[in-house]
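Peer 1: Chain Y is already provided as a structure; the job is to place chain E on it using the hints.
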Amino acid sequence: MEDVVARIKEKFSSRILKSEEKSSRRIYLDINPADIPATAKFIFKDLGCRFVITTGTDTPAGIEMLYHFSQDSSGKLISLRALIVDKKHPQIESIAPIIKGAEWIEREIWELLGVNFIGHPNLTHLLLIDDWPEGKYPLRKEER
Amino acid sequence: MSHKVVLPIGPYHPLQEEPEFFRLYVEGEKVVDIDIVIGYMHRGIEELSEHKHFDQVAFLVERICGICSTSHPFAYVNAVEDLAGIAVPERALYIRTIIAELERIHSHLLWLGLAGHFIGYNTVWMWAWRYREPVLDCFEVISGNRNHYAMMKIGGVRRDIRDEDIPVIKKTLDEVSRAVDMFKGAVMDDPVIQARLKGIGILTRQQAIDWCVEGPTARASGLNIDVRQDDPYGAYDRVDWNVIVQKDGDIFAKTVVRILEMHESVRIIRQCLDKMPKGEIDANVKDIPPGEGIGRVEAPRGECFHYVRSDGTNRPIRHKIRAPSYMNVASNKVAAVGGTISDATITLAAVDPCYCCTERVAVLDKNNGNSRIMNGWDLIKLSQEKTEQLKKVIGQWKI
Chain Y
1 MEDVVARIKE KFSSRILKSE EKSSRRIYLD INPADIPATA KFIFKDLGCR FVITTGTDTP
61 AGIEMLYHFS QDSSGKLISL RALIVDKKHP QIESIAPIIK GAEWIEREIW ELLGVNFIGH
121 PNLTHLLLID DWPEGKYPLR KEER
Chain E
1 MSHKVVLPIG PYHPLQEEPE FFRLYVEGEK VVDIDIVIGY MHRGIEELSE HKHFDQVAFL
61 VERICGICST SHPFAYVNAV EDLAGIAVPE RALYIRTIIA ELERIHSHLL WLGLAGHFIG
121 YNTVWMWAWR YREPVLDCFE VISGNRNHYA MMKIGGVRRD IRDEDIPVIK KTLDEVSRAV
181 DMFKGAVMDD PVIQARLKGI GILTRQQAID WCVEGPTARA SGLNIDVRQD DPYGAYDRVD
241 WNVIVQKDGD IFAKTVVRIL EMHESVRIIR QCLDKMPKGE IDANVKDIPP GEGIGRVEAP
301 RGECFHYVRS DGTNRPIRHK IRAPSYMNVA SNKVAAVGGT ISDATITLAA VDPCYCCTER
361 VAVLDKNNGN SRIMNGWDLI KLSQEKTEQL KKVIGQWKI
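Protein chains in written order, with this note's numbering: chain Y, 1 to 144; chain E, 1 to 399.
Honestly, the hints are just simulated from the structure, not real lab data. For every residue, glycine included, the Cβ atom is placed at its ideal position computed from N, Cα and C. Be aware that a few hints might be false.
Heads up, simulated PhoX-like pairs for lysine-lysine below, C-alpha to C-alpha not over 25 Å straight-line [as the list claims (entries may be wrong)]:
#, chain 1, residue 1, chain 2, residue 2
1, E, 52, Y, 136
2, Y, 100, E, 171
3, E, 333, E, 30
4, Y, 45, E, 333
5, E, 184, E, 170
6, E, 52, E, 392
7, E, 184, E, 171
8, Y, 87, Y, 45
9, Y, 18, Y, 87
10, E, 184, E, 392
11, E, 198, E, 392
12, Y, 45, Y, 88
13, E, 171, E, 278
14, Y, 141, Y, 100
15, E, 286, Y, 22
16, Y, 41, Y, 22
17, E, 52, Y, 100
18, E, 333, E, 247
19, Y, 141, E, 52
20, Y, 100, Y, 11
21, Y, 41, E, 333
22, E, 30, Y, 100
23, Y, 45, E, 247
From chain Y, some residues computed to sit far from chain E (all C-beta separations above 12 Å) [as the list claims (entries may be wrong)]:
#, residue
24, 7
25, 17
26, 130
Just chain Y, with the same shape it has in the complex:
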């Protein structure tokens, strides 16, 4: 079975800011938000890894995005980490045009954390009510 981590590191060596193999089946790769679409496309289309979900987290340094992919044949979970530093107007290019399965989670992160996904086909409310007040993002720490 293919060593997908080696292939990602080989293709995107200049773009990987940090890499951590926490265990044989848990790998975290830090990249710039701008590199997410190309890397995600490579992992999904070329390496045939399944997109699992995206985790968005509000941190003091910015909105941290984790894109989780699974190489089912090896059980490896590869998580791409991208930090969106601008918390006033956080935005990142959508991967929904590449991966249909990512449509819903980007809507969810948009409404719960306020990240704008550029190029998303349908950025509307998924979980929250349609007239939810603008600017109120429930998963942001300042909302507590």
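Peer 2: Positioned in the frame of chain Y, the structure of chain E alone reads:
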């Protein structure tokens, strides 16, 4: 066909189990598009998790679902154990596996019954749910509860399986085995059921990949993926069992996967009961260090994924939860399109969503722009009527 224009009232109804809303666009009888509207059960659990300490979170996430209630705690404790590098005692791994597989059996039986009801086979419904009872009794013997068994704990399990309980479990497995054999014959061989489910609600292999589905929904479309096999946890790599894969991607294939998986669950539990060593069931974890971890399990509906981040205090600072139905329900955007309104209920139910039946469905005729509100019962009735028509043509079978 003319439809009246009706103002939608909303997806909540006192008599329905769980609320959700589908808007079907039809041309005549054929479904040409579907809007899926969710969020009515959004309870802010990821947020709540940050206000509970690590042990409490296991109880919180157990209540995400009543049918697959152990899947979320199992994935959660796996995530924290991944974060902190905790080694779980052997006996606890086997107990966890037994609990998870018993749950798979009763969850699949529940689905089988519902599917039977939707297509008008109420006998299947009664039988399937009748054979759930001994499994739920088993849970009561082990944990004190028929649902929400509170067995998963970071570092182990909360209760042991006593030697005197093992004959009860084994007897239940014998009953379930006989029931599954009966369903194989009566359900899978029935020509009317085959006519009703074969070629219906197809999700092709490529669509299954594009929509990132998992679980029986993916395996019925030819994808050999199962977390128990791919990223083993519990005791799954210590026992022999098979991943069930079918290739047609239709509702019949999904039915076959679930029926045959129950046989595999029985096999797994029997081996676990025999191989389970004596010993500790709890690693007695006190503190969780800073870090992040990912845990996943193969729930009855597919991959249940939890991500947990800790800063060294006694609560998670981020807890991401992704239930299997999140991906699988979205795939109805393609699977439910192209079929007829009478097939809509069974198609939407075929991914075994974590809600039982369509609450409110708006049917919009694209040709004349008229819309009509049908509730879950209207659609089930249409589905059952289709079966009656087929029975007239093909002839009544065993049930």
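Peer 1: Now, for every hint given, state plainly whether the structure supports it.
Peer 2: Right, here's what the structure says about each hint:
In summary, the hint linking residue 52 of chain E to residue 136 of chain Y is supported, as the alpha carbons are separated by about 23 Å, within the 25 Å threshold. With a C-alpha separation of about 45 Å, the suggested pair residue 100 of chain Y and residue 171 of chain E falls outside the 25 Å cut-off, and the hint is violated. For the given pair, residue 333 of chain E sits about 14 Å from residue 30 of chain E by alpha-carbon distance, which is consistent with the 25 Å threshold. The hinted pair formed by residue 45 of chain Y and residue 333 of chain E meets the criterion: a straight-line CA distance of about 21 Å does not exceed 25 Å.
For the suggested pair residue 184 of chain E and residue 170 of chain E, the alpha carbons sit about 21 Å apart, so the restraint of at most 25 Å is met. A distance of roughly 58 Å separates the Cα atoms of residue 52 of chain E and residue 392 of chain E; the hinted pair therefore is violated under the 25 Å criterion. Note on residue 184 of chain E and residue 171 of chain E: the hinted pairing holds, with a Cα-Cα distance of about 20 Å set against a maximum of 25 Å. Straight-line distance between C-alpha atoms of residue 87 of chain Y and residue 45 of chain Y comes to about 31 Å, which puts the hinted pair past the 25 Å bound.
This hinted pair checks out: residue 18 of chain Y and residue 87 of chain Y have alpha carbons roughly 22 Å apart, not beyond 25 Å. Only pairs whose Cα atoms come within 25 Å are accepted, and residue 184 of chain E paired with residue 392 of chain E is accepted, the gap being roughly 23 Å. Our distance criterion of 25 Å between C-alpha atoms is met by residue 198 of chain E and residue 392 of chain E, whose separation comes to about 18 Å. Between the alpha carbons of residue 45 of chain Y and residue 88 of chain Y the distance comes to roughly 33 Å, so the proposed pair goes past 25 Å and is violated.
Straight-line distance between C-alpha atoms of residue 171 of chain E and residue 278 of chain E comes to about 22 Å, which keeps the hinted pair within the 25 Å bound. This hinted pair does not check out: residue 141 of chain Y and residue 100 of chain Y have alpha carbons roughly 29 Å apart, beyond 25 Å. Between residue 286 of chain E and residue 22 of chain Y, the direct Cα distance comes to roughly 22 Å. Compliance with the 25 Å bound is thereby established for this hinted pair. For the hint linking residue 41 of chain Y to residue 22 of chain Y, the alpha-carbon distance of about 24 Å falls within 25 Å, and the restraint holds.
Between residue 52 of chain E and residue 100 of chain Y the CA atoms are separated by roughly 34 Å; this puts the pair beyond 25 Å, and the hint is violated. Between residue 333 of chain E and residue 247 of chain E the CA atoms are separated by roughly 20 Å; this keeps the pair inside 25 Å, and the hint holds. Using a Cα cut-off of 25 Å, the hinted pair residue 141 of chain Y and residue 52 of chain E holds, with the two alpha carbons roughly 16 Å apart. Annotation: proposed proximity of residue 100 of chain Y to residue 11 of chain Y holds, straight-line Cα distance about 24 Å (limit 25 Å).
With a C-alpha separation of about 22 Å, the suggested pair residue 41 of chain Y and residue 333 of chain E falls inside the 25 Å cut-off, and the hint holds. For the given pair, residue 30 of chain E sits about 24 Å from residue 100 of chain Y by alpha-carbon distance, which is consistent with the 25 Å threshold. The straight-line distance between the Cα atoms of residue 45 of chain Y and residue 247 of chain E is roughly 22 Å, inside the 25 Å bound, and the hint therefore holds. Listed as a non-interface residue, residue 7 of chain Y keeps its Cβ farther than 12 Å from every Cβ of chain E; the least gap is roughly 19 Å.
Here residue 17 of chain Y stays apart from chain E, with its beta-carbon at least about 17 Å from theirs, past the 12 Å limit. Residue placement check: residue 130 of chain Y does not keep its beta carbon more than 12 Å from all beta carbons of chain E (closest about 10 Å).
Hints 2, 6, 8, 12, 14, 17, 26 from the earlier list are contradicted by this structure; the remaining hints agree with it.
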